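Novice: Chain residues, written in single-letter form:
There are 2 protein chains.
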Amino acid sequence: MTDTTSPALRTALAYYQAWTGHELDKAMSYIADDIVCDAPVGRLEGADAYRGFMDPFVQILTGSKLIAAFGDDTTALIMYDTETVPVKSAPGAECVTVKDGKITYSRFVFDSAPFDAARNAAS
Amino acid sequence: MTDTTSPALRTALAYYQAWTGHELDKAMSYIADDIVCDAPVGRLEGADAYRGFMDPFVQILTGSKLIAAFGDDTTALIMYDTETVPVKSAPGAECVTVKDGKITYSRFVFDSAPFDAARNAAS
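Just so you know, the sequences run in chain order X and G.
So the first sequence is residues 23 to 145, counted in my numbering.
So the second sequence is residues 23 to 145, counted in my numbering.
Keep in mind that the hints are not guaranteed to be accurate.
Copies of the same chain look alike in the list, so a pair counts if it fits in one copy or across any two.
SDA-like cross-link-like pairs, simulated, lysine to any residue; straight-line CA separation at most 20 Å [to be verified]:
| # | residue 1 | residue 2 |
| --- | --- | --- |
| 1 | K87 | R65 |
| 2 | K110 | S86 |
| 3 | K110 | S134 |
| 4 | K110 | A135 |
| 5 | K121 | A36 |
| 6 | K124 | A61 |
| 7 | K110 | R129 |
| 8 | K110 | P62 |
Bear in mind the hints are in silico, worked out from the structure with no lab data behind them.
Fair warning: this is a prediction, and the values are worked out from it, not measured in the lab.
Model the full assembly from the supplied sequences, consistent with the hints where possible.
Specialist: If you want it as structure tokens, here you go:
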């Protein structure tokens, strides 16, 4: 499932290993300055906006497990489960476009409803 | 991105084409009787429960677009965007395990929050 002959997948997995290892600086080294990311919160443009989205998530992350990962020259698609402080199982999927070892576009899918519910319960 | 040498991907794509074409009976022909599906609504067990989950979604589906699709002998991972009556862009990802041409396990990720919001706004 992890075809490491795919250059895009190598980048996607290095990025995944970094952020799930709480190494956000290292993770951001795989993100293009002009990344565009379509996520449940809407479109994020630029590395600063992307980091602002990932940082709070990495802080509540307590575990992760790769479910599947595939890729070709320019595109990688991965799915994983995460465990977070408010939500015990929060699976996500990312389809990323990679150019020169950097993620230039990301389509990010996860269920934001359990996070909304946890936030509402806490407030 | 659509490596049709993968038997699992062939099944996953045939399934995807059927349900996005509103052919639910044909789609269900690719689903194992004892399918287990982990989705935002929780775990679904058996083809009847799975059909009960898909049927209302197919009824509100107005469009779909495959974003990426990969697979190997036993596993396929696809991501797509859907357009539905209440939610204009509802991307999803599925990681499926395929045995003898039937999907026996599915991990289903999508953002259920916009559907909850639409339901609340309508009630």
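Novice: List in ascending order the numbers of the hints, as given earlier, that are violated by the structure.
Specialist: Violated hints: none at all, because every hint is consistent with the structure.
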